[in-house]
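Take the sequences, apply the hints, and build the full model.
Just so you know, the sequences run in chain order A and B. Start counting the first sequence at 1; every next residue gets the next number (full-length UniProt numbering). Start counting the second sequence at 1; every next residue gets the next number (full-length UniProt numbering).
Only true hints are included.
Any copy will do: because identical chains look the same in the list, a pair fits if it lies in one copy or spans two.
Under the rule of at most 20 Å between Cα atoms (straight-line distance), these lysine to any residue pairs were calculated in the SDA-like manner:
id	residue 1	residue 2
1	K29	L13
2	K99	V62
3	K129	Y71
4	K99	G68
5	K29	I61
6	K96	N135
7	K65	K129
8	K65	Q107
9	K99	R66
10	K96	T52
11	K129	L139
12	K19	I105
13	K129	R156
14	K29	G68
Hints are computed from structural coordinates only; laboratory data are not their basis.
Spelled out, the chains give:
2 protein chains.
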Amino acid sequence: MGDDMADENISDLIERYLKEILADNEQVKIRRSEIAGLFDVVPSQINYVINTRFTIQNGYIVESKRGGGGYIRIEKVRLLDDIDVLDSLIEAIGNKLSKRDSETIVQTLYNNDLINRREVSIILAAIDKDAIDLNNSDLTDIMRANIMISILNRLRYEG
Amino acid sequence: MGDDMADENISDLIERYLKEILADNEQVKIRRSEIAGLFDVVPSQINYVINTRFTIQNGYIVESKRGGGGYIRIEKVRLLDDIDVLDSLIEAIGNKLSKRDSETIVQTLYNNDLINRREVSIILAAIDKDAIDLNNSDLTDIMRANIMISILNRLRYEG
DNA sequence: CATTCTTTGACTAATATTGACTATTATTAT
DNA sequence: ATAATAATAGTCAATATTAGTCAAAGAATG
Numbered sequence: 001m002g003d004d005m006a007d008e009n010i011s012d013l014i015e016r017y018l019k020e021i022l023a024d025n026e027q028v029k030i031r032r033s034e035i036a037g038l039f040d041v042v043p044s045q046i047n048y049v050i051n052t053r054f055t056i057q058n059g060y061i062v063e064s065k066r067g068g069g070g071y072i073r074i075e076k077v078r079l080l081d082d083i084d085v086l087d088s089l090i091e092a093i094g095n096k097l098s099k100r101d102s103e104t105i106v107q108t109l110y111n112n113d114l115i116n117r118r119e120v121s122i123i124l125a126a127i128d129k130d131a132i133d134l135n136n137s138d139l140t141d142i143m144r145a146n147i148m149i150s151i152l153n154r155l156r157y158e159g
Numbered sequence: 001m002g003d004d005m006a007d008e009n010i011s012d013l014i015e016r017y018l019k020e021i022l023a024d025n026e027q028v029k030i031r032r033s034e035i036a037g038l039f040d041v042v043p044s045q046i047n048y049v050i051n052t053r054f055t056i057q058n059g060y061i062v063e064s065k066r067g068g069g070g071y072i073r074i075e076k077v078r079l080l081d082d083i084d085v086l087d088s089l090i091e092a093i094g095n096k097l098s099k100r101d102s103e104t105i106v107q108t109l110y111n112n113d114l115i116n117r118r119e120v121s122i123i124l125a126a127i128d129k130d131a132i133d134l135n136n137s138d139l140t141d142i143m144r145a146n147i148m149i150s151i152l153n154r155l156r157y158e159g
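So this is what it looks like as structure tokens:
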């Protein structure tokens, strides 16, 4: 597996194409079918490329709209200098998250000056037991994990 | 292919046109067929734009009259105080909440200076589709409603 | 060979656009 | 006054135009 450009697959080419645009622009807005046509692949392959290569972990956020004039927009975000705390918290959460552990995490965020008091209470409201309760404590813990990870990912970048 | 806005759909253009007028005026009074002619669309598309983009949740009230000299008037409403904004938003949510409506609500919170940009994005992260998805779109909308109400209630006494 | 990554396409979902039909109000004719 | 007509706006369902999901097939990797 020499790092020869010739043996790149099409997904890699599409990735490279988009990243070249993103080297000069904060964001790129595409019509899915256009890019698919440009590389002669089915439209859903664009989703594959986005899902595997433009994730939030890599510092991209993706927004889209369907219908007439629809689009996919990929935006580069500036990651914070010190995201180690966030990354290790995300790593530690896994699939499920208890109420108790979630409170520990929020406390850690606050202690590390990653969020302020007001943000503490917004986050606690978002994962409040009564809000996300599903009459199934396993599902509740899964939901809490998902929401917390989503918020932690958001805190990884500026703006 | 950077951040150009040239390829919006017509409904977005009409929305933008009306909001530009509303930036300088408390209200805008139009003749439906005139605006339709201006953008070369059927008159009922104006209703579509109004119903999807100038709802009460977004801070507009719409009044109209048929017959000769008929019109549509869009008015920006000024909600009395913060509690009123929160109460009417909570009232409007009900049992389920779509992604689109949730974005409108967050926008309204921001427009009324109840939350800042960072809080906007934390809240959006908390109700992100991928975070709260349960492979059942009805349940997703219920979950989104619950979380949003929980957050709005928190803001209600958080100041 | 087993596993993981890529490619494909059928099906689904969201949003926009159109137009036929309806409802309301104003104006004109009787 | 009343009835007919004209001039508006509203509703709703059909169609068009996008993007998303998912699982199966194929390719690459180790």
